[in-house]
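Asks: As a plain string of letters, each chain reads:
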Amino acid sequence: MKLSKNEIQEILNQALVTGADFGELFFENTLSSVISLKNKEVTNISIGNVSGVGVRLLKGSDEVYGYTNDVTKASVLGLLEQLKASFNDVAGKVYPLGNALSFNNNIKKPFDQVPTNEKTRKLLEINTIIKDSNDLIVQAITNLIETKQDVLIANTEGIYQNDERVYSRVVLGAVAKREEQMEQGYESQGRFMGFEIFDEIDFKAMANEVAESAIKQLDAKDIKAGVMPVVIHNGFGGVIFHEACGHPLEASAIAKGLSPFVGKVGEKVASEIVSAYDNGNVPGAWGRLNFDDEGHPTQNNLLIENGILKGYLIDKRNGRTMNTNSTGSSRRQSYKYSPTSRMNSTFIANGKDKYEDIIRDTKYGLFAKKLGGGTVNPATGEFNFAVSEGYMIEDGKLTDAVKGAMLIGNGKDILFEIDRVADNLEFGQGMCGAASGSIPVDVGQPTIRLKKITVGGLGNE
Amino acid sequence: MNKNIYQNWIDKGLSKGLTDVEIYAVERTSLSIDVYDGKVEKNEVSKLHTALIKGIFDGKATKIKVEDLSYEAVDDLLDRMLDSLKNITANEPALIFEGSNAYPTVDDKVFDFSKVAPVDKVNLLFEIEEKIQANEFINKVETVSYSESESKTVIVNSKGLNLSRHHTYATVYAVGIYTKDNQTKSGLSYQIVKDFSDINSEKIVLDNIKEGVSQLGGKTVASKIYPIVFSNEMFGNILEVFTDIFTGEAAFRHLTKLVGKEDTLIANPIVNLIDDPLFEKALFKVPFDDEGVACEKRYWIKDGKFTGFVHNLKTAEIYKTKSTGNGFTVGITPTNLYLEPQDKSFNEVISDIKEGIYITDLVGLHAGVETISGDFSLQAAGFLIKDGNVTRPVDMIVVSGNFFTMIKDIEAITNDFIFGLSGIGTGSVRVKGLTVAGE
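Residue numbers (this note's numbering), protein chains in the order written: chain A, 1 to 461; chain B, 1 to 439.
Keep in mind that the hints were calculated from the coordinates and are not lab data. One thing to keep in mind: the hints can contain errors.
In silico DSBU-like cross-links for lysine-lysine, where the CA-CA straight-line distance does not exceed 35 Å [claimed, not checked]:
hint	chain 1	residue 1	chain 2	residue 2
1	B	Lys219	A	Lys224
2	B	Lys3	A	Lys148
3	A	Lys59	B	Lys115
4	A	Lys119	B	Lys109
5	A	Lys5	B	Lys65
6	A	Lys216	B	Lys314
7	B	Lys203	B	Lys109
8	A	Lys354	A	Lys216
9	B	Lys131	A	Lys59
10	B	Lys109	A	Lys256
11	A	Lys40	B	Lys63
12	A	Lys412	B	Lys210
13	B	Lys3	A	Lys451
Partial chain B-side listing against chain A, Cβ under 7 Å, derived [unchecked claim]:
hint	residue
14	Lys47
15	Leu48
16	Asp83
17	Ser345
18	Val363
19	Ala437
Keep in mind the model is a prediction, meaning the values are calculated, not measured. C-beta atoms are modelled at their ideal positions from N, C-alpha and C, and glycine is treated no differently.
Isolated chain B, as found in the complex (with noise of 0.2 Å):
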């Protein structure tokens, strides 16, 4: 029925002169409950189905973002895309894909979330809440929340392409916020799930309380440098935020201190950061990108030495490649990214440290970070490291360096390897030294 829309959207769009018409649309619904002090404080559902459209004329191309589905609202911005083309004036390979030969199968579970009674989902998030208030530190259980979501996707063009993907799953947060001696700390804990049995709520407790209550009675430390660990969890934000300068739209942007040092040591050579769309500790196993590219697993950096660029089709035109299955709707962007781990453990890496800072919590990624010039200065907390052992929590200091030096001054990469909430895996990162300013 929907494919019947879409056609008619790439007939009108080739009728108008477009040469090539591209429907990238996603139905979509979801539910989210929170709950606060014993009540369902909110519920929210939604059904959503929404299009990109990539249109080409005259080697050029654009998308048009299109929510009003109806004839005159499509044939409107249809026009508008029309005279968008016209006033591009910048000559780029302009690309849509007839589909790769073949597409790694993936065997992804498809739960129906909706086929759970609400009364237990509500239920779950009561005792979620009912426990973290239990504890002695509590001030305030700010949110206990759930959501789910399940979307299908389809890509299909006037080449002939013709895919598409179904996806679901839930999430489940809670937010505590703990005081001690006049001092207020939040935990954050959470969990995403294919399957609403495989939610492990005594799990989302201990972790709460576990970040709200070990940061009470944090303190800053003296202004220097000192060894530093980032936990699993921050190193796997602060690598997410630098995915950008991998690619070749940052490349041909200008917009990336890597061009030029393709196949030279740019970190050290126990780093190597791969891609693997089917990685099996992945949540999602992604067959194909948004272009219809077929998706395969790539070093990104491989025993220290910078591979190359990764691209969508428009880019590995301008470099004269082939697309490696990057190309998204938000840019070009990884599958399942991460650093592979060394065989140690956490307390073996920081066991020579004399006096260490360990990183459990970063704030403002966004704001404290070039990722042109790789300087970052940011927020941060966690916990002192004293002769082997972690001590102390530690808070209100800000860590400063340098991506591009840290990355070469990485020591240690340890097992305790996670898919975090960056959707980048990797184990806790030992690095020589930050400046760490405090008091």
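Next comes chain A alone, as it looks inside the complex (with noise of 0.2 Å):
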């Protein structure tokens, strides 16, 4: 970092001259590559670098927010003087800033250590098997996404904390053509972790699934529209408990009071089948932080247990207002925003079900193996997902491939519906945007049954 901690102290003894009582400042400096593929080639590889600084005031819940990229000591006393003149009150105690808390990351492939031409290599071999892995593969798709993500946190409490955050993505997509007909298939897989991503997951058997999805869509028929029981599998499945219930878990929403969950701690929420966690630590996990963004070390929060409504994701600024501590979940896409409550690994627990024997057990009904995209309105509830790829379910089989299916809800609603838990938990990985802007996260379950929910589509009789 560019600014001695000697440099930080001085800064922050300023912060609170004029009544503040909360002063934080977040260093952050980011480097990143994307080499992207298409059809056997190397189309672009680019690389960027974020840093800067943010500076936060708070006096109980008010803040003051500002970032510049210009990270001298004279531009952040700047910012902070223009910071400093919200407030008109007897000045807030500084405490000296204390040490950093030691981290182990493990990288065993940093990003930086590899050469590109290895990188490369690895990404064409994976690239070729989507492109020839059939005739109507029109366009193979495969990125390599690399950060590294280096912050300090120092605030006027005496937090002086700085972590590192290294992240691998792989993204893999096809576009099969038949006639007039196109259809995408889409996988990714991210992790906390180097360039060693490549030995931890198959990539290989993930390109031929991703071509092998995008020639199915070929066949599928437009499921019919109206209200039916699914079953959502386990893994990227999970973004219906992230959208429906974990954003109205946040205590940015909690604290307004503009979510169904205000004041239910304590009370049943879910069918008592349901057990959640959001935990900010899973080892080598896409979600995962040493410490957040206002420099606490995360840590495993129980959301619900068997039904019951056991807490929040709390940041220290609506902690102010709800009376509570932190819980490591305060979050922010970069220096560029303040931090807020998110989420990190959010998933449903375990249940003693078999994903065999759901399917066998339901008469009729979608069997949504992946989720595409979703979005929610906290305030309302209101929840919609896409169906990247379902199946319909009769007399417990699973029979025709459908497409353009949207399941739409209410998150106080859904929970309910619930009722078969399988036991193959897994996570996939998303961006998640909201007010803090776009952050890693994985969600997760085990495959799980809806007793009814209206799924729309285009299918007619």
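With the hints in hand, could you dock these two chains into one complex?
Replies: Right, dumping it as structure tokens:
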């Protein structure tokens, strides 16, 4: 970082003189690279840095925030002067900066130390598998996104904590074309690790699956709209919990009273076979951090236990409104955002059912093998999710592939609709966008069944 | 002063072996204020000076994004850029542009929002909050927000291009949460202005209440095919998602079904989709794109016929044509794209609908749309149209269709033309029939 600890202390010493009661500096230096391959050619490699400082002052829950990429003492003090003008009260107390806690990311192959041609060779192998798997594949896409984010958080309560976040993500895509019809297949895996992600995950198998998925879509029928039971498969299927329940459990929604879960701790909010967590420190996980963006160690937060609401995800500022401590859940995309409560690796815990039994016991419904994206309005609880790969279930068996299914519902009802939970928990990775920007998160669940949900689609009798 | 820095970077890049270098630099300051519950809840200021550096080596091009402008950091990134360029294998045109012969003149207002006293901005927000709060169905005013931004953009390159732009604008928006009989709905209203005195707080209040309250009591409908009227704002959102399929990049990458459809009818002949950089009703006039190419008015669809792909420098070279001035840093995008309205009022257009749905809200546009196949399935809300009149609110439905089929089935474009939040201009649009999932 460009400023010394002494300089940072000197800046913080100025932060509270006009009456703020908390001041924080968030320094960031991020290097990222995207390597893109299309149809067996390396089409682009782009590099970038994100570098700057965010300054935050609080008084109670009132906040002022400023950011700049000019990281000099004079510039930060200038920004601070602007922010301090918002307060006019007795000076707050500044504690001396403490010492940073140590951490070990155990990165085996830091992306800076792997030659570019070794990366492109590996990616070319995978891209070739997609392209050559079938003559109907007209576009094979393989991207490697690598990011190393170095941060330093210092505040007037004495926190002085650095962290290093190392992310690798591989995105595979396929476009299949038959006559006029074009369909897409897509899959991605991301981890908190370096180039060793290629030793951890079988991307060749994933390449075949993605190509196959695009081909299968060519024969998929439009699903007939209606209300029906839906079995949502494990892994990225957990996005339903993330959107419908995770966001409304964030303190940003709770503190303003804008969530159906306000005041419901200790009450039944889900069917009793549902337990759920948000864990900030799953080893190697895409959604993991050693320390959150306020410098607190991340932790495993129990959200729901046997259907009973147990807790929320809380950051410092909203915690002040709610009179509770942070749960290590404060996150931001970069120094350009003030932090707020966000998820890390959120999941529904394993149940006792077997996936095969759930399908077998379903007379008629939709098997949502893969979900695409979705959104939720935390204030109303209304959500939607696209099904990117789906099959009909008829008399306990998977039958036709279907496309175009969209699930909609309300977050406060949906958890009660879960009547089966399998024992095959897996995670999927995504980028979650909200007030404090776009951040890497895991979603996760075992296979679950919803008794009924509205399914939109194009099909007609 | 800054131009000297840029020239240094260009020189540095050339000395490392790059054959061409271009700098796209932005200096931006911003202010945003949120009020909540009668208090300033958040006050944010920023000052950024960032750059994109494009380099060409051995006929290959790439860009680096620079926020750390120190000599060492830029030097390191230029080395990385060179390494990247040596590992790119695709033979695609790599170009920078010396400049167009002439650029359209734009008499754009550059209002200095920082001259308005902060207290006036805050009071404006309090006034809006208070008036929305007075509504009988209000549960909470979630936020009322003001933000202003000033940006100065410079494009310079080793071929002598030297252009700059200067923009200021402000946005005001409000989110109100309305409740009745245990049902909660949100209202969003906004205004984007280029002069502080243009802010119409009364309209922001009324729009918010109208949107929130009118949805209360919403129920679903029976699942079947209905004639659909999309509001101007929502049809703009749909068009925005599909702009990419009109680009040379999508054509070259096999990511659009429009390849081979040039000069053929792809939409109802009443459809004229026009990109006009200097369109009088648009908020921003755009004299040149981010590659320094002069922008020009162009039909994307004329009388229902697809007129051909739009290009940046690279895809123009691939298709042996000229850039259409749509090369922006985010990709090939329109400037001021709009669907030409017909001379028909909204009421006129719905008058013969026996039972249909007027859609005023679509959620999850990026998740529920496949731009290649054109299929979409979207959470929606709006109103039931009964015997030619807009009647009760409708919510929690999914509307599904296919974009390519739908634009052939456009029956009318009403004269309630706006440039919405999507940045695309259109009136409300009636389409023959789409599948609706309800109960």
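Asks: So which of the earlier hints does this model not fit?
Replies: 4, 10, 13, 17
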